Amino acid sequence: MAQFFHARAADEAVAVDMSADVARFLRVIASDLVRVLEGGRTGGRHYRSLRTGRVFPPAYSDRRDSRGFRDRHGAVLREHIAASGRRVLAGWDGSRTVTLDHKVVRDWFIVYGHARTSMKRWQGSWIWVHTTAGTSTPFGIV
Amino acid sequence: VKEQHAWAVVVQNDSANTLADVAYVLHEVCSLPPEHGFALATKVHKNGVAQLGTYPTREEAEHLVVEIQLRGVRATLRAS
Chain R
58 MAQFFHARAA DEAVAVDMSA DVARFLRVIA SDLVRVLEGG RTGGRHYRSL
108 RTGRVFPPAY SDRRDSRGFR DRHGAVLREH IAASGRRVLA GWDGSRTVTL
158 DHKVVRDWFI VYGHARTSMK RWQGSWIWVH TTAGTSTPFG IV
Chain V
-4 VKEQHAWAVV VQNDSANTLA DVAYVLHEVC SLPPEHGFAL ATKVHKNGVA
46 QLGTYPTREE AEHLVVEIQL RGVRATLRAS
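As they're listed, the protein sequences go chains R and V.
Numbering-wise (our numbering), the first sequence opens with residue 58 and increments by one.
Numbering-wise (our numbering), the second sequence opens with residue -4 and increments by one.
Everything labelled a hint here was simulated from the structure, so no lab data went into it.
Treat the numbers as computed from the prediction; the structure is a model and nothing was measured.
Nothing false has been slipped in among the hints.
With the C-beta cut set under 7 Å, the calculated list includes, among others, these residues of chain R facing chain V:
id, residue
1, Phe113
2, Pro114
3, Ala116
4, His130
5, Leu134
6, His137
7, Ile167
8, Gly170
9, His171
10, Arg173
11, Thr174
Where a beta carbon is used, it is the ideal one built from N, C-alpha and C, also for glycine.
So that you can see chain V by itself, here it is in the shape it has in the complex (with noise of 0.2 Å):
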């Protein structure tokens, strides 16, 4: 069954990893060059949120938040 939407991967504040520490692991996770890591973890930190991407299919989202919360940053997916 093909899904009705797409499905958003927010990641999101809390109090134990610094800036350095968020932009790292999206570096590492999702290859973003480190100024595209620090910029998003930038709006973490200030927004308390902040969306990494959408993704077609539920099972390629739950991937992403898996490999994010795997490192023990606090990631949630959403359908959009």
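Bound conformation, chain R alone (with noise of 0.2 Å):
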């Protein structure tokens, strides 16, 4: 069965419609971020705990600066993801169709972006969402 993930523009918001297998996939992406990012662990062998280091790369080429730029902000960052995450599981039960407002938009923006960087070596192949634009965009992982 073909696996997709369709968005488009409806008035102020973003409607989605997704295969079954993909949401699904999407709903475990996003549990599974979470719980990393709190502190968790996930089963799968692939993949155990996430550390900061992982999730946000050095942001100055000296390693002692990038060192004190994750101790200042690398745990506001964490949460704000891990609020993001929990926002987007809050909102969406897992359905094949959502519509996404503004704000969930850049809460899914932050959950997937992070996970596809972050997780990126946890699963091994892409599925790529193609937009009403005609343009292809990797946007999970599965």
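Both chains come to you apart, so use the hints to assemble them.
Laid out in structure tokens, this is it:
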């Protein structure tokens, strides 16, 4: 069965339609991301915890400066992403269609943008999202 | 103590984000018009990096880097 994730502008919101498997995976990814950001662990064999250094790449060329940056901002950034993840999960029950207002789109962007970079080695390949503009963008991991 | 130099914020290319992703983030974080966001994202894509701007204090530059990194795009800062 073909997997898909379609997003289109709908008034002041974004209407999303996706296949059942994509919906299921996106739910799992958001749940696992929140869990590990809160210090928990997932049961997957490829992925157990998420260090702040993996979530946020060096902000400076100097290692000590980068460490200072993470010390100053890392905890807040982690909590910010986790909060976005919790809102994504609270506002979407995993159904195949969902309408997102712009604030929620921001949360989705934060959650799946980070899942894509931070958890890249967790899973193997990408799903590709076909937007109504005709472009494709990697959006989640399967 | 007054800082002696400005701080430059640089957006870095990566293997995960598409040009559209970076353009969207720059549009949202910096309120860049979409066409400017795409122009800058194209520069990142082609050159590997693009300077977003310079800021008078490290705090100001770090704040911007935090906002960009929060959205999964890599940004760095350096004294300029």
